[in-house]
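Starting from the structure of chain A, add chain B where the hints point.
Protein chains: 2
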Amino acid sequence: MPEKVTFLGAGGWGTALALLLREQGHQVRLWAHDPKHARELAESRENPAYLPGFRLPADIEVTPDFRCLLEAGVVVLAVPSAHLRKVLEEARPFFRPGQLLVNAAKGIEAGSLLTMSELCRQVLEPKGSGFHCGLATLSGPSHAQEVAARLPASVVAASDEPKAAARTQALFSASWFRVYTSRDLKGVELGGSLKNVIALAAGIADGLGLGHNARAALVTRGLAEITRLGLALGAQASTFAGLAGLGDLVLTCTSGLSRNRALGEALGKGGKWPEAGAGMKQVAEGVGTAVSADQLAARAGVELPICQEVRKVLFEGKAPRQALEALMARSPKPEEA
Amino acid sequence: MPEKVTFLGAGGWGTALALLLREQGHQVRLWAHDPKHARELAESRENPAYLPGFRLPADIEVTPDFRCLLEAGVVVLAVPSAHLRKVLEEARPFFRPGQLLVNAAKGIEAGSLLTMSELCRQVLEPKGSGFHCGLATLSGPSHAQEVAARLPASVVAASDEPKAAARTQALFSASWFRVYTSRDLKGVELGGSLKNVIALAAGIADGLGLGHNARAALVTRGLAEITRLGLALGAQASTFAGLAGLGDLVLTCTSGLSRNRALGEALGKGGKWPEAGAGMKQVAEGVGTAVSADQLAARAGVELPICQEVRKVLFEGKAPRQALEALMARSPKPEEA
Numbered sequence: 001m002p003e004k005v006t007f008l009g010a011g012g013w014g015t016a017l018a019l020l021l022r023e024q025g026h027q028v029r030l031w032a033h034d035p036k037h038a039r040e041l042a043e044s045r046e047n048p049a050y051l052p053g054f055r056l057p058a059d060i061e062v063t064p065d066f067r068c069l070l071e072a073g074v075v076v077l078a079v080p081s082a083h084l085r086k087v088l089e090e091a092r093p094f095f096r097p098g099q100l101l102v103n104a105a106k107g108i109e110a111g112s113l114l115t116m117s118e119l120c121r122q123v124l125e126p127k128g129s130g131f132h133c134g135l136a137t138l139s140g141p142s143h144a145q146e147v148a149a150r151l152p153a154s155v156v157a158a159s160d161e162p163k164a165a166a167r168t169q170a171l172f173s174a175s176w177f178r179v180y181t182s183r184d185l186k187g188v189e190l191g192g193s194l195k196n197v198i199a200l201a202a203g204i205a206d207g208l209g210l211g212h213n214a215r216a217a218l219v220t221r222g223l224a225e226i227t228r229l230g231l232a233l234g235a236q237a238s239t240f241a242g243l244a245g246l247g248d249l250v251l252t253c254t255s256g257l258s259r260n261r262a263l264g265e266a267l268g269k270g271g272k273w274p275e276a277g278a279g280m281k282q283v284a285e286g287v288g289t290a291v292s293a294d295q296l297a298a299r300a301g302v303e304l305p306i307c308q309e310v311r312k313v314l315f316e317g318k319a320p321r322q323a324l325e326a327l328m329a330r331s332p333k334p335e336e337a
Numbered sequence: 338m339p340e341k342v343t344f345l346g347a348g349g350w351g352t353a354l355a356l357l358l359r360e361q362g363h364q365v366r367l368w369a370h371d372p373k374h375a376r377e378l379a380e381s382r383e384n385p386a387y388l389p390g391f392r393l394p395a396d397i398e399v400t401p402d403f404r405c406l407l408e409a410g411v412v413v414l415a416v417p418s419a420h421l422r423k424v425l426e427e428a429r430p431f432f433r434p435g436q437l438l439v440n441a442a443k444g445i446e447a448g449s450l451l452t453m454s455e456l457c458r459q460v461l462e463p464k465g466s467g468f469h470c471g472l473a474t475l476s477g478p479s480h481a482q483e484v485a486a487r488l489p490a491s492v493v494a495a496s497d498e499p500k501a502a503a504r505t506q507a508l509f510s511a512s513w514f515r516v517y518t519s520r521d522l523k524g525v526e527l528g529g530s531l532k533n534v535i536a537l538a539a540g541i542a543d544g545l546g547l548g549h550n551a552r553a554a555l556v557t558r559g560l561a562e563i564t565r566l567g568l569a570l571g572a573q574a575s576t577f578a579g580l581a582g583l584g585d586l587v588l589t590c591t592s593g594l595s596r597n598r599a600l601g602e603a604l605g606k607g608g609k610w611p612e613a614g615a616g617m618k619q620v621a622e623g624v625g626t627a628v629s630a631d632q633l634a635a636r637a638g639v640e641l642p643i644c645q646e647v648r649k650v651l652f653e654g655k656a657p658r659q660a661l662e663a664l665m666a667r668s669p670k671p672e673e674a
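Chains as they are written, first to last, in this note's numbering: chain A, 1 to 337; chain B, 338 to 674.
Just chain A, same shape as in the assembly (with noise of 0.2 Å):
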């Protein structure tokens, strides 16, 4: 059954779903928070600036507007996560009760640590409003340029209501993306948003010429802490054995097309943030990750040596040679998650 669908956001991923819901049979709409963006996107058919290639069909309408919003069965979030919180003030009064919101955002909120779920909830449904929605997180390993050329993938749909994740799964399925569901909520959104910072620590390896072996070992030393981190928080360890977990970790730290990884070598080879960021035209979730992680573990009483000596590369100066071998230093002592 075709559904009337509005995107939150024209950045590559959300270009990129949008691609895919349209080609399902959907009515989809793009909205873009800069209406220039918008225009030229509708006239152009293209957003040559996050997902250059590809075509956007003349019945995807594009617009500035939140009146797109009034209409929709589903709206799908996909904003970066910084902006989250001010674009969903600023639309809540167009939102609908009974819409299906699907979060495709990753990060978690500087200073709430709030995931992008409980974000929504606490920015939508304030106590004693009675609205309510129902949510789902789309995560997993899914670069944006790959799903939009119909390379298979394979993502997770999760939510505490189960109803909203096999709704969320049969919307997006396709032959070539493949949709799990999981009602691991906190942990799937837990998941694609630490890994961004192993990411980060993965990449400054890169940049210092440390080779695929000590990368191999952060990978699995990143997946142990924020797993660790995760376990504390109430979610599910083998959520992050999972696709949103060590499937979205793999893809970040191995692929050329990663904003964090990118930024991590940047970083190896002696750039500092935030100047070797500054030529980057999407968001590296990562940073801000680095921060909110640090204080998450804090509150759980939890160790997380990677992001640690990662959030002191992007803040104190720390040099990345003297942060990674601080982290090989540690006293050799059984293995253990």
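If you're looking for bench data, these hints aren't it; they were derived computationally from the structure. Being a predicted model, the structure only gives us computed values, none of them experimental. Note that the Cβ used here is the ideal one computed from N, Cα and C, for glycine as well. Just so you know, not all the hints are guaranteed correct.
Partial selection, computed: residues in chain A whose CB lies under 8 Å from chain B [stated by the list, open to error]:
(1) L69
(2) G98
(3) V156
(4) Y180
(5) G211
(6) L223
(7) S255
Examples of chain A residues toward chain B, derived with CB under 8 Å [stated by the list, open to error]:
(8) H212
(9) A217
(10) L233
Then chain B, alone, in the frame of chain A:
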């Protein structure tokens, strides 16, 4: 305390570990199966076929004579897994009780389905012989070239005898070579072996041009299936989440240096086994392991869809694209390990 260490096998990994121990001040001997290869190494002081670019110090003796075992306190087993039984049977009279054996080979013996340490015990300690050696397996993400170049790596020394693991850890540890201990010998050996089959699958996906998303999903589902088999065979889940499982899997599936991934890529591009492997200097262990994995899975009553498709591509002429589609087409369901 300097040890006398003899290496059985002068391939890339044996040579790299020999250089590592020599640098730690141990007295090192290399046994090479082929007298001609031994003479070349001894005279040229290089191993151009297997570890080009690294000089063997003059005090590393190279010999095809098993008498080099007689005085050794430690024997490192570094022959390809398919040859280990034959080498051990020939070398048996030269082993001495109380020696520490460190197995560095990865594989599951065809037919017997024994891991390499199980094979060692069977050959060297037949019932009634009263013969007993310390025995540990060294495994984890460690390309030989990078270890020889002293790039950082982290590995696991596993043994069912804590003393043997601790002694192996002490022997191999260097500032840039971190050795963790583990008691899960079975898990460490299964992880190191089975990951080669998943690497073949990842290579096939690369050869078909399926992209990074698909590869990350294969790594994730691959780890889940080898963990499932390991658990059914008495290993521990945490081992597969560690360096000898996930770590080695990530390395082998994403690095250009991996033989198994490279062979898979050739298959994905239309090559056939065994022709596709004909130009390779070193064995792609995953080929034999694909068969052994299938037999182990049948014995344990566990499904290994990825390993099974790889085996069909190798030995039943199945088209790689069909094999990968078969994996992607499994019915959507909740995600679980």
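Cross-check of the supplied hints:
no. : hint : in the structure
1   : L69  : violated, 29 Å
2   : G98  : violated, 24 Å
3   : V156 : holds, 6 Å
4   : Y180 : holds, 4 Å
5   : G211 : holds, 4 Å
6   : L223 : holds, 7 Å
7   : S255 : holds, 4 Å
8   : H212 : holds, 4 Å
9   : A217 : holds, 4 Å
10  : L233 : violated, 18 Å
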